[in-house]
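Those protein sequence lines, which keep their order, are chains W and Z.
Okay, so the first sequence: first residue is 1 according to UniProt numbering, each after it adds one.
Okay, so the second sequence: first residue is 1 according to UniProt numbering, each after it adds one.
The hints are simulated quantities; they were obtained by calculation from the structure and are not laboratory data.
Among the hints, erroneous ones may be present.
Here are the simulated SDA-like pairs of lysine to any residue, each with C-alpha atoms no more than 25 Å apart in a straight line [said to hold, decoys possible]:
no.: 1; chain 1: W; residue 1: Lys51; chain 2: Z; residue 2: Leu441
no.: 2; chain 1: W; residue 1: Lys24; chain 2: Z; residue 2: Lys390
no.: 3; chain 1: W; residue 1: Lys51; chain 2: Z; residue 2: Glu388
no.: 4; chain 1: Z; residue 1: Lys435; chain 2: W; residue 2: Glu81
no.: 5; chain 1: W; residue 1: Lys23; chain 2: Z; residue 2: Leu234
no.: 6; chain 1: W; residue 1: Lys51; chain 2: Z; residue 2: Val133
no.: 7; chain 1: Z; residue 1: Lys302; chain 2: W; residue 2: Ser33
no.: 8; chain 1: W; residue 1: Lys24; chain 2: Z; residue 2: Ala327
no.: 9; chain 1: Z; residue 1: Lys82; chain 2: Z; residue 2: Asn132
no.: 10; chain 1: Z; residue 1: Lys428; chain 2: W; residue 2: Glu55
no.: 11; chain 1: Z; residue 1: Lys331; chain 2: Z; residue 2: Lys390
no.: 12; chain 1: W; residue 1: Lys24; chain 2: Z; residue 2: Lys297
no.: 13; chain 1: W; residue 1: Lys39; chain 2: W; residue 2: Thr28
no.: 14; chain 1: Z; residue 1: Lys428; chain 2: Z; residue 2: Lys146
no.: 15; chain 1: Z; residue 1: Lys334; chain 2: Z; residue 2: Leu234
no.: 16; chain 1: Z; residue 1: Lys390; chain 2: W; residue 2: Leu56
no.: 17; chain 1: Z; residue 1: Lys82; chain 2: Z; residue 2: Asn149
no.: 18; chain 1: W; residue 1: Lys23; chain 2: Z; residue 2: Glu399
no.: 19; chain 1: Z; residue 1: Lys459; chain 2: Z; residue 2: Lys389
no.: 20; chain 1: W; residue 1: Lys24; chain 2: Z; residue 2: Met216
no.: 21; chain 1: Z; residue 1: Lys389; chain 2: Z; residue 2: Ala327
no.: 22; chain 1: Z; residue 1: Lys428; chain 2: W; residue 2: Pro54
no.: 23; chain 1: Z; residue 1: Lys459; chain 2: Z; residue 2: Gln398
no.: 24; chain 1: Z; residue 1: Lys301; chain 2: W; residue 2: Arg53
no.: 25; chain 1: Z; residue 1: Lys302; chain 2: W; residue 2: Leu50
no.: 26; chain 1: Z; residue 1: Lys350; chain 2: Z; residue 2: Val314
no.: 27; chain 1: W; residue 1: Lys23; chain 2: Z; residue 2: Pro366
no.: 28; chain 1: Z; residue 1: Lys297; chain 2: W; residue 2: His26
no.: 29; chain 1: W; residue 1: Lys39; chain 2: Z; residue 2: Arg215
no.: 30; chain 1: Z; residue 1: Lys389; chain 2: W; residue 2: Leu82
no.: 31; chain 1: W; residue 1: Lys51; chain 2: Z; residue 2: Ile372
no.: 32; chain 1: Z; residue 1: Lys146; chain 2: Z; residue 2: Leu46
no.: 33; chain 1: Z; residue 1: Lys82; chain 2: Z; residue 2: Lys334
no.: 34; chain 1: Z; residue 1: Lys334; chain 2: Z; residue 2: Lys146
no.: 35; chain 1: Z; residue 1: Lys334; chain 2: Z; residue 2: Lys297
no.: 36; chain 1: W; residue 1: Lys23; chain 2: Z; residue 2: Gln135
no.: 37; chain 1: Z; residue 1: Lys459; chain 2: Z; residue 2: Cys373
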Amino acid sequence: MAAPVSIQLEFGGGAELLFDGVKKHHVTLPSQSEPWDVKQLLVWIQRNLLKERPELFVQGDSVRPGILVLINDADWELMGELDYQLQDQDNVVFISTLHGG
Amino acid sequence: MAQDVCFLKAQLKEKEKEISALKNKLAQLEKTHTSVLELQDRVTPLTPLTAKAALSNEDIMRYSRQLLLPELGVQGQLNLSKTSVLVVGCGGLGCPLAQYLAAAGIGRVGLLDYDEVELSNLHRQVLHGEENVGQAKALSAAHAVKRLNAAVECIPYHLQLSPENALQLIQQHLDLADLIYDIVADCSDNVPTRYLVNDACVLSGKPLVSASALRMEGQLTVYNYCGGPCYRCLYPVPPPPETVTNCSDGGVLGVVPGVMGCFQALEVLKIASGRGSSCSQQLMIFDAQDARFRSIKLRPKKAGCAVCGENPSVTQLEDYEAFCGSAATDKCRKLNLLSRDQRISVQDYKFITVNQEPHLLLDVRPPVEVDICHLPFSLNIPLSSLEEKKSEHIQLLQERIRELKQQMAGDCWPPVYVICKLGNDSQKAVQVLEKMSGSDLDSITVKDISGGLMAWAVKIDPTFPQY
Numbered sequence: 001m002a003a004p005v006s007i008q009l010e011f012g013g014g015a016e017l018l019f020d021g022v023k024k025h026h027v028t029l030p031s032q033s034e035p036w037d038v039k040q041l042l043v044w045i046q047r048n049l050l051k052e053r054p055e056l057f058v059q060g061d062s063v064r065p066g067i068l069v070l071i072n073d074a075d076w077e078l079m080g081e082l083d084y085q086l087q088d089q090d091n092v093v094f095i096s097t098l099h100g101g
Numbered sequence: 001m002a003q004d005v006c007f008l009k010a011q012l013k014e015k016e017k018e019i020s021a022l023k024n025k026l027a028q029l030e031k032t033h034t035s036v037l038e039l040q041d042r043v044t045p046l047t048p049l050t051a052k053a054a055l056s057n058e059d060i061m062r063y064s065r066q067l068l069l070p071e072l073g074v075q076g077q078l079n080l081s082k083t084s085v086l087v088v089g090c091g092g093l094g095c096p097l098a099q100y101l102a103a104a105g106i107g108r109v110g111l112l113d114y115d116e117v118e119l120s121n122l123h124r125q126v127l128h129g130e131e132n133v134g135q136a137k138a139l140s141a142a143h144a145v146k147r148l149n150a151a152v153e154c155i156p157y158h159l160q161l162s163p164e165n166a167l168q169l170i171q172q173h174l175d176l177a178d179l180i181y182d183i184v185a186d187c188s189d190n191v192p193t194r195y196l197v198n199d200a201c202v203l204s205g206k207p208l209v210s211a212s213a214l215r216m217e218g219q220l221t222v223y224n225y226c227g228g229p230c231y232r233c234l235y236p237v238p239p240p241p242e243t244v245t246n247c248s249d250g251g252v253l254g255v256v257p258g259v260m261g262c263f264q265a266l267e268v269l270k271i272a273s274g275r276g277s278s279c280s281q282q283l284m285i286f287d288a289q290d291a292r293f294r295s296i297k298l299r300p301k302k303a304g305c306a307v308c309g310e311n312p313s314v315t316q317l318e319d320y321e322a323f324c325g326s327a328a329t330d331k332c333r334k335l336n337l338l339s340r341d342q343r344i345s346v347q348d349y350k351f352i353t354v355n356q357e358p359h360l361l362l363d364v365r366p367p368v369e370v371d372i373c374h375l376p377f378s379l380n381i382p383l384s385s386l387e388e389k390k391s392e393h394i395q396l397l398q399e400r401i402r403e404l405k406q407q408m409a410g411d412c413w414p415p416v417y418v419i420c421k422l423g424n425d426s427q428k429a430v431q432v433l434e435k436m437s438g439s440d441l442d443s444i445t446v447k448d449i450s451g452g453l454m455a456w457a458v459k460i461d462p463t464f465p466q467y
């Protein structure tokens with residue numbers, strides 16, 4: 001069994017509006033047989049934090065186009081994207097791209 | 001006598017020659033002077049900037065405080081004077097950007113914007129003044145820049161950047177020696193233009209200093225620079241149009257694009273002077289609420305990128321509005337979700353109020369907008385609350401409908417008219433309420449007031465504020 005994982009989730013660029021305008025969420029992912037990865041985190045967020053309009057956040061099993069995911073201040077693509085295994089105290093940021101000027 | 005006549009004739013001829021030369025010179029001067037601020041409505045060829053051999057005494061005095069920086073120095077200043085920058089968008093980002101580039105002594109700025117100055121622009125688009133409302137933004141910005149530094153060559157373009165003119169504008173001549181704009185700054189306000197500018201920069205090999213701002217946040221990256229990624233490497237697929245918010249919907253605090261535009265100017269000046277930018281493969285995020293900057297390491301250039309990858313599928317500019325499914329402006333879209341009998345005009349609604357027909361007016365805007373202005377007797381329940389079926393709001397709506405019913409004769413229900421700012425959210429609300437009618441709510445008739453409060457202000461009550 002993998003131990004529970006405590007992580008900080010942050011939403012920005014307007015993505016926080018899907019989470020009652022709250023930018024920072026400290027969450028604990030429960031213990032489970034497999035280690036937590038980002039793909040499972042997205043499902044967990046949908047079930048536990050995101051109540052309405054999931055299409056504005058996810059598409060298929062990934063985030064929708066126009067949302068950038070950062071793991072510990074690095075582009076998630078450098079970290080393995082959906083397969084990245086979450087570590088205790090990780091910081092995962094979901095930034096919606098801005099287009100205004 | 002004959003000799004005198006001959007002499008005078010010769011002298012006269014000489015003077016005429018002189019006058020004609022002076023006239024030519026004057027015409028030439030006037031032409032170059034006016035052409036500086038002649039508004040371009042299409043792309044015209046430009047002469048390449050020539051490098052200055054040395055700084056004049058006036059240059060030295062003017063730029064002395066930055067010349068003292070070893071990071072810039074004389075060579076850096078000379079480099080600035082031979083650099084030309086294309087500013088795409090003369091709004092909240094483009095204004096401070098152009099201002100600082102001109103102040104620092106950049107050689108040439110192309111100022112491009114298809115739009116005209118509006119009163120609601122002035123809180124953030126700081127080169128434009130009250131007297132410029134209605135004027136082309138490109139021209140207004142060019143005048144302001146010229147006033148600041150007459151030595152900077154300013155080219156105002158009053159046109160929409162398009163797949164047809166973009167490469168011509170940035171590249172001008174295919175001969176590499178004649179590249180006209182050295183650096184492009186994306187200060188635009190919509191998704192199709194951002195892809196268009198990116199592809200044009202990749203195809204012409206220009207660095208792209210790109211920033212954006214909305215509400216209380218800003219983002220900045222330098223694309224296609226020093227082997228780093230391009231915009232498409234990061235965002236291969238455009239966002240669904242319904243997830244994109246513009247400044248007129250979401251709002252923006254003026255100083256936020258101000259900070260980001262200044263940041264863009266900084267990176268442009270670093271590239272132009274020869275120092276180089278450190279924002280390639282970096283995303284700078286500015287959170288004005290928390291007063292925090294954050295620097296994110298981005299993915300490298302993608303081998304499979306559609307435009308800058310090893311086997312690009314985009315080898316010429318395409319139709320970006322079709323690619324993104326949205327228009328290349330930040331103007332609000334007009335949705336058409338309902339049938340004609342589900343909507344009434346503002347004139348119809350005026351008639352209903354004049355006749356005092358019993359009804360419920362439901363305003364579905366967020367409370368922050370209701371604070372700005374609202375019609376009397378309206379009940380405010382934001383669209384988001386209806387979508388989430390917030391029980392206290394649904395109950396409130398139900399109570400108000402029943403109260404009205406009691407005041408009415410017979411067994412009929414009062415109609416519900418839904419209003420918002422422009423008539424888009426109100427249509428969504430009608431759809432949501434129709435689904436609830438007969439289950440979560442009593443059976444009600446719901447109609448949308450077409451065009452919303454802004455149509456009311458234009459067509460019915462000119463004293464009603466517009467925002």
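Sort out whether W/Pro54 lies within 25 Å of Z/Lys428, counting only the CA atoms.
-> holds, 17 Å
- Query: Is it true that the CA of Z/Lys82 sits at most 25 Å from the CA of Z/Asn132?
  - Reply: violated, 30 Å
> Can the restraint linking W/Lys24 and Z/Met216 be considered satisfied, given a maximum Cα separation of 25 Å?
Replying inline: holds, 16 Å
For Z/Lys428 and Z/Lys146, compute the direct alpha-carbon distance and say whether it is at most 25 Å. With Cα atoms ~47 Å apart, Z/Lys428 and Z/Lys146 exceed 25 Å; violated.
Pair hint Z/Lys459 and Z/Gln398, alpha-carbon separation not exceeding 25 Å:
Distance ~31 Å between Z/Lys459 and Z/Gln398 Cα, so the pair is violated.
Could you grab the alpha-carbon distance between Z/Lys428 and W/Glu55 and see if it respects the 25 Å cut-off? holds, 16 Å
Are the Cα atoms of Z/Lys302 and W/Leu50 separated by 25 Å or less?
Roughly 32 Å separates the two Cα atoms, so the pair is violated.
Margin query: Just to be careful, I want the Cα atoms of Z/Lys302 and W/Ser33 compared with a cutoff of 25 Å; is the pair within it?
Written below: violated, 35 Å
If you draw a straight line from the CA of Z/Lys334 to the CA of Z/Lys297, is it 25 Å or shorter?
violated, 38 Å
Q: Below or equal to 25 Å on CA atoms is what counts here, so check Z/Lys350 against Z/Val314.
A: Violated - the C-alpha atoms of Z/Val314 and Z/Lys350 are around 53 Å apart, more than 25 Å.
Pairwise hint evaluation, Z/Lys390 against Z/Lys331, where the allowed Cα distance is 25 Å at most:
Judged against 25 Å, a Cα distance of about 31 Å means the pair is violated.
Q.
Given the hinted pair Z/Lys301 and W/Arg53, is their Cα-Cα distance within 25 Å?
A. violated, 33 Å
Hint check: violations occur at hints 4, 6, 7, 8, 9, 11, 14, 15, 18, 19, 21, 23, 24, 25, 26, 29, 30, 31, 33, 34, 35 and 36; the rest are consistent with the structure.
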